[in-house]
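S.K.: These are the residues of each chain, in order.
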Amino acid sequence: MKEQQFSTEESLQLIGEMIGKAKRSYVSKGIASIVWGVLIIFCSIVTWGQIEFKIDIGFDIWLLLLLALLPQVYFAVKEKRGKKFIGHDEETMHYVWISFTVCIFITSFYNSRWGGESSTTLIMMLYGIPTFITGGIFKFKPMIIGGMTCWVISIFSIYTPFKTDMLLMAACGLFAWLIPGIILWKRYKKQQQVHV
Amino acid sequence: MFKDLDPILHSQLRLAVISLLISVKEAEFTFLKEKTNSTAGNLSVQINKLKDAGYIEVVKQFKDNYPQTVCKISAKGIEAFEVYVNALKSYMNPGGE
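First to last, the sequence lines map onto chains C and B. For the first sequence, my numbering begins at 1 and goes up steadily by one. For the second sequence, my numbering begins at 1 and goes up steadily by one.
FYI, nobody ran anything at the bench for these hints, they're computed from the structure. Each hint can be trusted.
Part of the chain B face toward chain C, derived, beta carbon under 8 Å:
| id | residue |
| --- | --- |
| 1 | Lys25 |
| 2 | Glu26 |
| 3 | Tyr91 |
Listed next, the in silico DSSO-like pairs over lysine-lysine satisfying Cα-Cα at most 27 Å (straight line):
| id | chain 1 | residue 1 | chain 2 | residue 2 |
| --- | --- | --- | --- | --- |
| 4 | B | Lys63 | C | Lys83 |
| 5 | C | Lys83 | B | Lys49 |
| 6 | B | Lys49 | B | Lys60 |
| 7 | C | Lys80 | B | Lys63 |
| 8 | B | Lys89 | B | Lys76 |
| 9 | C | Lys139 | C | Lys78 |
| 10 | B | Lys33 | C | Lys190 |
| 11 | B | Lys25 | C | Lys141 |
| 12 | B | Lys63 | C | Lys21 |
Positions of the beta carbon are idealized from the N, C-alpha and C atoms, including for glycine.
Start from the sequences, fold in the hints, and give me the full structure.
M.R.: What follows is the structure, given as structure tokens:
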């Protein structure tokens with residue numbers, strides 16, 4: 001591109017083209033979403049299996065979520081270092097997801113202290129909040145639907161026993177993170193192919 | 001009556017840079033170069049013109065021991081861009097005002 005004078009039509013076309021290019025640069029690989037989704041589904045189903053088949057694996061499977069935070073933070077830092085721009089909404093999203101993580105861990109500590117099986121409804125309700133906000137801000141329908149699905153499921157869980165709640169939580173992991181994550185990953189791969 | 005188009009913005013590369021910067025919070029020089037398909041020399045000159053006009057802020061720093069130039073649109077730049085777009089609209093739709 002050279003510096004040259006041009007018509008008003010060309011100006012508007014250029015503005016639209018550049019804004020479009022910047023917008024298309026917001027590409028998430030969806031890895032964090034996939035990892036989180038798989039973990040929630042795995043932990044939920046293991047917990048359900050322990051109750052259903054009356055077995056004890058000897059440790060709290062949900063501790064895996066704590067372990068998963070380490071690679072999540074590593075990949076987030078790595079991705080940030082490789083980025084050539086910062087979007088307007090990224091800072092907002094960081095605060096939303098930090099708030100969510102803090103709330104989830106406070107709720108988990110509350111559960112371990114008081115044995116609150118009924119708080120699964122609350123946890124699923126919390127799952128919906130950052131997912132819905134992320135989907136709304138980035139106009140990404142699968143996450144909007146995923147967030148709303150978590151809320152519908154959380155209402156349903158008010159009337160179900162803890163064992164069933166674990167299956168419902170697996171469904172939350174599927175709709176809120178795994179499916180949107182896979183869609184993001186596919187989009188990323190498709191875009192990579194276009195640029196090759 | 002037609003509004004005058006800002007001569008600083010009414011130039012292909014400078015307008016491209018401002019349009020990119022209005023879409024993000026901040027961007028590296030390499031990002032702007034890649035998206036505008038411009039040469040480093042030309043882009044550097046145009047960025048300096050935008051900086052001198054007060055439309056963008058430029059920060060030169062080091063990242064992993066390599067020099068890095070980060071550009072960010074200023075409040076004055078946002079205002080100038082809005083005025084420019086409105087002026088373009090008035091050209092496109094003269095009876096609209």
